[in-house]
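Novice: If you want the building blocks of each chain, they are given just below.
Protein chains: 2
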Amino acid sequence: MHIPNGKPAVNGVSHTAYGKNVVAELKKEEKVEAAAVQKLSKEHDIVLKTFRILIADLCQQFGGGHPGGAIGMAAIGVALWKYVMRYAPHTPDYFNRDRFVLSNDMTLDQLKSYHSERVDALCPGHPEIEHEGIEVTTGPLGQGVANAVGLAMATKNLQATYNTPDYDVVSNHTWCMIGDACLQEGVALEAISYAGHLKLNNLTIIYDNNQVTCDGSVDLTNTEDVNAKMRACNWNVIDIEDGCFDIEALVDALNQARASTEKPTFINVRTVIGLGSKVAGEAAAHGAAFGTDDVANMKKVYKFNPEEHFVIGEEVREFFREIPDRGQELVKSWEKKVQDYESAYPELGAEFRRRREGRLPESWKDLIPSSFPDKPVPSRASSGQVFNPIAQACNSFMVGTADLSPSVNMIWKGKVDFQHPDLKTQCGSVGNYSGRYIHYGIREHAMAAISNGLAAYAPNTIIPVTSSFFMFYLYAAPAVRMGALQHLQVIHVATHDSIGTGEDGPTHQPIELANLYRAMPNILYIRPGDSEEVAGAWTVAIEAKNTPSIISTSRQALPQLSQTRRDMVVKGAYVLEEVEDADITLIGVGAELSFAMNVAKALQEKNIKARVVSFPSWRLFENQSLEYKRDVLRRHRFPAVVIEPYAANGWERYASAGINMKSFGHSLPCKAAYKLFGFETEPMTEKISAYLEKLKIDPILRNEWVEL
Amino acid sequence: MHIPNGKPAVNGVSHTAYGKNVVAELKKEEKVEAAAVQKLSKEHDIVLKTFRILIADLCQQFGGGHPGGAIGMAAIGVALWKYVMRYAPHTPDYFNRDRFVLSNDMTLDQLKSYHSERVDALCPGHPEIEHEGIEVTTGPLGQGVANAVGLAMATKNLQATYNTPDYDVVSNHTWCMIGDACLQEGVALEAISYAGHLKLNNLTIIYDNNQVTCDGSVDLTNTEDVNAKMRACNWNVIDIEDGCFDIEALVDALNQARASTEKPTFINVRTVIGLGSKVAGEAAAHGAAFGTDDVANMKKVYKFNPEEHFVIGEEVREFFREIPDRGQELVKSWEKKVQDYESAYPELGAEFRRRREGRLPESWKDLIPSSFPDKPVPSRASSGQVFNPIAQACNSFMVGTADLSPSVNMIWKGKVDFQHPDLKTQCGSVGNYSGRYIHYGIREHAMAAISNGLAAYAPNTIIPVTSSFFMFYLYAAPAVRMGALQHLQVIHVATHDSIGTGEDGPTHQPIELANLYRAMPNILYIRPGDSEEVAGAWTVAIEAKNTPSIISTSRQALPQLSQTRRDMVVKGAYVLEEVEDADITLIGVGAELSFAMNVAKALQEKNIKARVVSFPSWRLFENQSLEYKRDVLRRHRFPAVVIEPYAANGWERYASAGINMKSFGHSLPCKAAYKLFGFETEPMTEKISAYLEKLKIDPILRNEWVEL
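If you read the sequences in order, they're chains A and B. Under UniProt numbering, residues 1 to 708 are what the first sequence spells out, in order. Under UniProt numbering, residues 1 to 708 are what the second sequence spells out, in order.
Accuracy of the hints is not assured; some may be wrong.
[Claimed, not checked] Within a straight-line C-alpha distance of at most 30 Å, the following computed DSBU-like cross-link-like pairs (lysine-lysine) qualify:
1. 415(A) x 545(A)
2. 601(B) x 671(B)
3. 278(A) x 415(B)
4. 365(A) x 629(A)
5. 662(A) x 545(B)
6. 675(A) x 687(A)
7. 609(B) x 694(B)
8. 687(B) x 609(B)
9. 601(B) x 662(B)
10. 687(A) x 571(B)
11. 278(A) x 413(B)
12. 671(B) x 662(A)
13. 687(A) x 629(B)
14. 278(B) x 413(A)
15. 694(A) x 571(B)
16. 694(B) x 696(A)
17. 629(A) x 694(B)
18. 629(B) x 694(A)
19. 424(A) x 278(B)
20. 662(B) x 629(A)
21. 413(A) x 365(A)
22. 696(A) x 629(B)
23. 662(B) x 662(A)
24. 601(A) x 545(A)
25. 82(A) x 336(A)
26. 415(B) x 365(B)
27. 662(A) x 571(B)
28. 696(B) x 696(A)
29. 629(A) x 696(B)
30. 545(A) x 662(B)
31. 278(B) x 415(A)
32. 696(B) x 694(A)
33. 424(B) x 278(A)
34. 675(A) x 696(A)
35. 687(B) x 629(A)
36. 365(B) x 413(B)
In short, the hints are calculated from the structure, not lab data.
Go ahead and model the full structure; you've got the sequences and the hints to work with.
Specialist: Next up, the structure:
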């Protein structure tokens, strides 16, 4: 028997051998009953069989889904949902419930069958309806692991903030089920390393170790010793030898995980994909229904009637019947505890309630400076000026950075790091779990995905803020997208936008990334032009309760413009300078807004009258009325030129010509980079006046986009 | 002395203690000389000091850079470039040279000083000029590790293909220098795990373990046991206790790494950032110059003249003098070997020469089917039909997939997997290093970054192909971007585009991702509409020697259109159906091209004459002449409506109205998804005729983009 390199056998039995043994057992029909009875109570035996057959029936009816994994995981499901998870089916948003994240690749419908009260309400054919018990939408692999880390961090932070010696009003555990894929995806590996660092003992990963993916055996691509890797990352590791049947061992392991005092726990559960089917243990069991014959055969082997479908016997119903009541007991006792807590600690209690209701202290807006000194400031610095006092005063905000603290200006006075209290570095103690400044390390993708988890704990109870260079939001993009898709309020502070970033060069100049975020649904990409607009951008982002935002700022100092208005940022675009009998509209944006003003002035000397529009956000502008939009742009009357050192694509909606980037950037100091790409006042002025001349000669141009 | 949790001390001395000791030593001026002499030959001592001072001078002159890391790594540099690396400064493109990838965060100029012949030519102020000796552009952290894995895989594949028992014409090693950041970034973790799986014994990572990043001590974010983690991933691990001075130990370790027979090697080199400066061992040493005083002090301590800058003494020049000649000897002897090899194996020799010249066999185009059966086929299947015979016949192609073999149709007849020959799975042996089908596992980001490394080995010697669902090219995007930036020919096969992907739902429906790739410079995003256009797309991609491509295909079957032309794909867009006295232009794209044809037909019944344009690629279209573009679009004459279930942004350049996606998609079977979002013929026909009516009433609309 071959034991793949690097993968130690469990008690001397390799996974391959285990799989073959289990499958061989099951293939000999007469042995099945004996084997089951040997290992299982009769009760568990029938429950597992019922589930496995239900899943096979379900996928058969859909003609698809991921039956193999779901069937292999039936015992884990029973252990978790019957014996360990603290949840309340009738109060799915019970605040202190255990969180469960399903991060691997399978049909969500399996989950429904774990909820006893829903067994009758099985809804085949509607996998798009998300179940109430599901904390986060996963799907793109690896995201769920990082989400679970965020959920566990949320618990830690709320515990440290609100629990008292006599009242533990927050005490939930987070369980995350993963497959082989999640242990390969970078975002999960980042999050695993970080969770170990934080010693999140309230987090458990349950690894459905079936050693099969779409392409076949995991050995084709991964032969590492996963347990040793997890241990190296500061995780507890528990092996479950027989995850197909051994519910008792599973329950023990899960309880042990909940009791862990020092580390997160990794339960490596050996399972067989598609157990009981003819394709058991094979890639074919992963992503397709088994076929009618195979399902019928499964039923015969299990002594079910092959002619009947979706059968749930009375004993199975009985098995789960207690769960809803048990859940309501949990809710009642927690509500009582919170009531007592509010009496004992009225101030803390009131704040805890406000946080649970997702509200900020009403005074947060007063903390924004009412005006700014008239001197050039990088908008990343303005961003800190605006937001840091709010972050200091409002403990809903948890503010993180991917190792760019010196660049992103997000440190408020007296900030405390979110860290395990025992952590000591060269500089001594550095934080505790009530801290709200998060050093994510150089893990941009995990930062965004973990933030989704922080936000998903309860609506707006925590408002996570991330920060990095804008370019690195390409690393984070899959997670930013998932936040938008799930309507999670996460605020991303992206500095060093456009080409003014300087010597770091084209690898750090995000000239095409705004195109992604301007096209992505349900996210606000905002480029404020000076401190006043930065104030507006933060106000919009903080008020967007169901939408993530990206506040995109400059590395270099920007002049303060007297015409900018914070209250107009929410409109997406507004007229900065109106002129009578205009010849042209100039559109300026963000770090280069002043360029448009300068060009307008220079055009005036050539007797060309230019109106100027400030355009911080497409999405916000699209939300305005047609009348407002026409009033700002007046495209039927004037040609319009946009000035922005990004790829133009999409500006054609608002302008007829553009001075934009047609290539990657270049490693040069800020001013030199602008010069190289033609963003100085004089060449821009020349180009624009030449464009107006050309329009007179070639009227076709009026219907075409012109790159200047 | 605190030893951070999880990080074992080396020989009982923690990193913190090591750093403090070294710094303390150096701070006592009188001890420096003694300490140096104790550990170093006099020769090495003066070389290291010269380098450290040069770097400090350099950064001081720039007023920036990353001096700390560079100074800490001086001894590694000497060990590698003087004693171990096989390279030829005067023949930088020597085919069999060792490859060196600098993946961590520091000024590239340091490298120049490692090249003895360039010491005189130090070019401060021009960090943008890439040095000939640099194999890949890094910068975004983690990419370099994956690039290095690709370079090492390239060597393995060429060795297995061309070496004979008597001639090892390919034998180079790949060295990759990393910092703390690379061990946190997901893309590097994916690549590390995969390199261990492949047993790439020709790859060495040199970890500049200085325990400092921008935010401060690495302990703030990472307390894992990195050596144990690397061992769990099947790597050899070698510790270097004193990486600041112990050149002998470094040379031993590097030689040991080159001699490894079974595994890649990880050399954990303990260094002190900014050694000799006042900020030694601190974050302040990371990303800023030290300041005049500190540099002057360094010089005093090292017994250099503080008034002199960029001093390189004769003994240092002497130390490196032999390197260029040694390099030319290497080149000459390799060229002789290849000459003999070509005589002994004329066929293999000719092929090896063709590969080195980056040419394909001239007959490759003949392998493309000259026509296709007139039946509906998913374009992902057409893609396989077109490309698989080419991949089979031309061994330049290395074709990988991120665990989606059953979906991407990239398996050719008789394909052999790229695997270590000893790998055994449940199904026995599965491949060897001459294999060209790569199971990357569920590691999309590493797949793309490794492919950049494969392509960077030598121009077009290997043409890497990646494949996955289009949506997952968001995971891979940072690496795809680096390929575009470096002009590397990598072909990405992205299936399941637009919303026809079905039940996987909005997390798998890439409705905004094309906006990114259409805006990204130097990459061809191509959506072919049927098999004929697929043939055209592959032809364009294979002929684009300096540009990556994305061939974007459908999951669902597409009808074959009689009007499509493979030879027109290279134009980006072309008229599919011309009509006289047209009322409107319809633009169709990719999987929905036939929708435009159907709508044109339906409009005809309403007496509306529609011309139809097929538009597979914006970038290719932009490359055409103004005349051609006007001829295709005729925007001054007709309104134009684009039909594409992506976010519209950018289509405004080519159309006046669009039927596009305004939200994320939905989990539904293909047809139902199209129906939900209004992409059936009837509603589209209605919308378009209503639009034409509105245009008559409200002429302002002619200058505005209209969402239909």
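Novice: Could you check the structure against the hints above and give me the numbers of any it violates, in ascending order?
Specialist: Hint check: 12 and 24 fail, others pass.
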